[in-house]
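**Q** Single-letter residue listing:
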Amino acid sequence: MLIIDSLIVSGVRFVLDKIAAAVDTELNDDTVLRERLLEAQMRVELGEMSQAEFDELEADILARLRDIRDRQRGGEAAVVAPRDMKVTGIEATFEGDEH
Amino acid sequence: MGKTTCAAMLACARSSRAGRALLVSTDPASSLSAVLRVRVGRAPRQVAGAKGLFAANVEAAPAFARWLAPRKALLARIAVRGTYLDDEDVARLLTLSLPGIDEVVGLIEVVRLAQGFDRVFVDTAPTGHTLRLLAAPALLGRAAALLDGLQSHHRAVFSALRGSYQADAGDALIADLRAEGESLAALLRDPSTEISWVTLPEPMALEETADAVSALADAGIRVSRLIVNRVTAPPPGPCDWCDARCRFESRALRPVARRFRGREIVTCPDIAREPRGVAALTALARQRTAWREPSSRTPIARRVTTAGGLFLRRDEDDPIVRLPNARTMRWLLFAGKGGVGKTTCAAATALRLAESRPVLLLSTDPAHSLGDVFGERFDNTPRAARGAANLRVREIDASEEMARLRRDYIDAVEAAFTRIARTAGGDLAAFRDLIDLAPPGIDEVIAIADVAAAIADGGGDEIIVTDTAPTGHALRLLQTPSLLRDWTRALMALLLKYREIVGAGALAALLVRLSKQLRALQDALVDPARTAFIVVTRPAALPTDESRALLAALDGLGVTVAGVVVNAAGRGSCRRCRAIARAQTAEIARVRRLRPAADGYAIIVAPAEMPPPHGAAALRAWAGRWRRVRS
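Which chain is which? The protein sequence lines are A and B, in order. If you read the first sequence in the working numbering, its first letter stands for residue 60, the second for the next number, and so on. If you read the second sequence in the working numbering, its first letter stands for residue 2, the second for the next number, and so on.
Hint data in this document are derived by calculation from the structure and do not stem from the laboratory. C-beta atoms are modelled at their ideal positions from N, C-alpha and C, and glycine is treated no differently. The reader is advised that the hints may include incorrect statements.
To be verified - Label-pair ranges, simulated between beta-carbon atoms:
1. Arg93/A <-> Asp87/B: 22 to 30 Å
2. Asp126/A <-> Ala170/B: 54 to 62 Å
3. Glu501/B <-> Met108/A: 12 to 20 Å
4. Gln480/B <-> Met108/A: 21 to 29 Å
5. Tyr166/B <-> Glu117/A: 47 to 55 Å
Stated by the list, open to error - EDC-like cross-link-like pairs, simulated, lysine to aspartate or glutamate; straight-line CA separation at most 16 Å:
6. Lys517/B <-> Glu98/A
7. Lys498/B <-> Glu107/A
8. Lys498/B <-> Glu94/A
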């Protein structure tokens, strides 16, 4: 039983680690944003996105890129700094019948 | 140069020999019909009056469609098996046109048409593009290599599952392609293949010939015969023009025997009436003579100019500066038949315009001759011309531009594929090698797209004067951007579809940049406020015919034509010169009838000069003598 619990716990920890990494990427990695911008540019060239839609998206992405740059320059990570967080343990409560 | 005339002359002269002969043109702007005076189509047709002689034109699009049809399904199957692409992706790629494929298919089509004939005479496109036609075998080899890479993945999977592999139809297709490339290469180098190079008794034409002969020699192809066409015979009476022309030609021709040692050299006389039809061509064949060292002559003492009556307006000079939209104009392109003097006219115009604003003179013809016109060397980097303030000159090195794009592309593809296992499928190799399948001619479009981007930026007031390749290929240069853009769009669609696997990255950035540049090029070419074409012609029947076709084609593409320059008009005072001048006057009248007089469209006559203008000062002075024809 303990083995199963430990497996579940490490599985959940793995997922949470991934979520933390994804949040980190979203907040601090500009590659994703740049890729999104390129995708949008391709959609404009393909006629799948209007120039107005692109301009709006571009303004948003550029603003976020600026945020990232400012944070990096300031030497501080995002307010929610996932890199500084570590999943150390899981507290789980089981309810209902145990089999 | 008279390539078609010389090819037809040789074919007519030899057609009386036993057997069937075929005369075929691979020039997209073929003038075989006009020279033979018979309708020439894409199927060989008997030429009346010439025993056993048939004629045909290679038409690229149907020829390629015929070549592709039986192979298409198999090509698709190889691509689907060898990559992550699905049926829909591959089908989309295979429906795209391959710009520039005409030159590659040309050679294959000639071989197909040649079946059943004992001798074949091929009239090719002008210099720059003929050199590329001859590169066709290598392109087939590269296509075979790419397919082989895709197929090897299939072979490996098949062997792993079944224990052994048996060659299938895909392997047979790859082997066929490779064999076709090798047999074309062998044919070009076969001793039974004679390559005759047609040139004129002028320094510029002879320089171009020397360059081409050495480029061919580098490719292992030997030019066996040199035909020096339109050599001036001594005049029937005293004539300053003919005397100057004869001196000029003999000075130009003196080094010919040394420079083209070991080759048969034949000369053909300049005759008053262009030879048209079998009888006239056969008569011309009788007048050709073996090479004789020209007698030593003193240089021309003074420049001989001509003008003639020729409907000229006396009340207005400087027709170039008065071109419509001269103020907003950013791009002026010179187009026309090979050998009519496009480069000289473009250079003279650029010099004239440079008197009031900065000008960039640009050549896109792979057989550049701006350097010969100015008497100095130019290259891919714009450089000031001697004796010309405000003027920079650049001879586009399309291969250098293409090599740069190729490097960027390969880096981008490799970066994109680092995300997935390199062993998975043949995608990396297929996408990386795709660029090596870019048919000849793409490089010019890539190179000129940069220029268009500069125009689109709108900065500065520099006007770009462009000397283009001869007609057929200049038109292709205009049609290619949209075809090439279809390719960038197809690749972008694939990248979006598979973005979770490969990511957008550098490849997306490259495709977006290319797509934008091509769009800017398309927009700039059809913008009447910024861009105009000048058609250059000579006052002779064949060039007029070709100008008519060129004007119609330019109209069809929606580009603005600001005028026609009739170059090298006028002759001397002897009986022969007077007859030629009369014929020229009739041709200028025909040029006037090509399209109605209108504001913003000028017919300009550029007088013949002997020696022809060379160097900045002479060119500028010559452009000052251009006159508009009365409308």
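**Q** Each hint needs a verdict: does it hold in this structure or not?
**A** These are the hints, each one checked on the structure:
Remark: the range hint 22 to 30 Å for Arg93/A to Asp87/B is upheld by a beta-carbon distance near 28 Å. At roughly 57 Å, the beta-carbon separation of Asp126/A and Ala170/B lies within the given 54 to 62 Å, and the hint holds. The hinted range of 12 to 20 Å is satisfied by Glu501/B and Met108/A, whose Cβ atoms lie roughly 19 Å apart. Checked against the given bound of 21 to 29 Å, the beta carbons of Gln480/B and Met108/A, roughly 28 Å apart, stay inside it.
Taken as a hint, the range 47 to 55 Å holds for the pair Tyr166/B and Glu117/A, whose Cβ atoms sit roughly 51 Å apart. Distance restraint check for Lys517/B and Glu98/A: the Cα-Cα separation of roughly 14 Å lies within the 16 Å cut-off, and the hinted pair is therefore satisfied. For the hint linking Lys498/B to Glu107/A, the alpha-carbon distance of about 13 Å falls within 16 Å, and the restraint holds. Of the supplied pair hints, the one linking Lys498/B and Glu94/A holds, its CA atoms being roughly 14 Å apart against a limit of 16 Å.
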